[in-house]
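Undergrad: Sequence:
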Amino acid sequence: MTNNSMTSTSSAWTGMVPVDDTALAVTDTGGPGIPVVYLNGQFATQGYWRRVVADLGTGFRHITYDERARGRKSKRSADYSFEAAVRDVDAVLAARGVHQAVLVGWSYGAVVGAHWVNRNPERALGAVLVDGAFPHDWLDEAMAQRIRKMFRRMNLFMPLLRPTGLTPRMNADQMADSNIELGELSRERELGPVLDAITVPVRYVVASGTSLGSRGDEQEQIRTSLDAVTARNPHITIGAKVASNHGAILKKDFAAVAEAVRGVAAPHRNGIR
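Position 88, counted from 1, in the sequence shown is what the UniProt record's numbering calls 88; the numbers after and before it change by one each time, with no gaps.
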């Protein structure tokens, strides 16, 4: 792979990228390596990726950013929809002059990454999806009510943490709406066809145990939906099943995520060296 937009060297840069009615805080390490774009969990920040970035090292060009109203600097918006999140990927890539990249997404970011590589096969060098993008019908009315109740309860203390960037500058209803939309998009009839149509290499890194708001073995049941996906689409494989749970996977099993990135990027590395 020798596309000039992918191989050009960029200097390290940190700043704000305007998009729609907002602006996103972006960090680009620069360098001549394959660009890797990191897509955060639904209410997480780019800092979650620091261990993966350090493990991969300077052989890659790392681009991280905070979604709308997340982190300490990204601005609020009138639109926190999933489609806005997908548009933000394009905005960040355009701002940094990157045409082709590997996408790495965790949780909500994994669903964003799956949709983006499905829509942009000529630009996606591959993707690593970390404990997310499971086509499973986990959302029903009872679950939607649980979600709304959980975020209203959390909203009692979350404003105290907003100045630190640890919680988003979104209200309880906005966060609940985003989570419920994720459930709708994750239904087998919605996400299944997206995954089936992917034509670039995708590796999953799958956690064990629970996630915030899940009960019992709900999360493990959701993860079993990957079996049918990998059976239908040879481009998609499970790179690793790790011991840590959903929330701790980037902290405790960052090495497995980094190894999956190396595997996806390996066919393209000779073209830039």
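Some hints here could point you the wrong way.
[Unchecked claim] With a cut-off of at most 30 Å between alpha-carbon atoms, the simulated DSSO-like pairs for lysine-lysine come out as follows:
| # | residue 1 | residue 2 |
| --- | --- | --- |
| 1 | K241 | K75 |
| 2 | K251 | K241 |
| 3 | K75 | K149 |
| 4 | K251 | K149 |
| 5 | K241 | K252 |
| 6 | K149 | K73 |
What the hints contain is simulated information worked out from the structure, not anything from laboratory work. Given the structure is predicted, the values throughout are model-derived calculations rather than measurements.
Undergrad: Hint by hint, say whether it matches the structure.
TA: For each hint, the structure was consulted:
no. : hint         : result
1   : K241 to K75  : violated (36 Å)
2   : K251 to K241 : holds (15 Å)
3   : K75 to K149  : holds (26 Å)
4   : K251 to K149 : holds (28 Å)
5   : K241 to K252 : holds (13 Å)
6   : K149 to K73  : holds (28 Å)
Hint 1 from the earlier list is the only one contradicted by this structure; the remaining hints agree with it.
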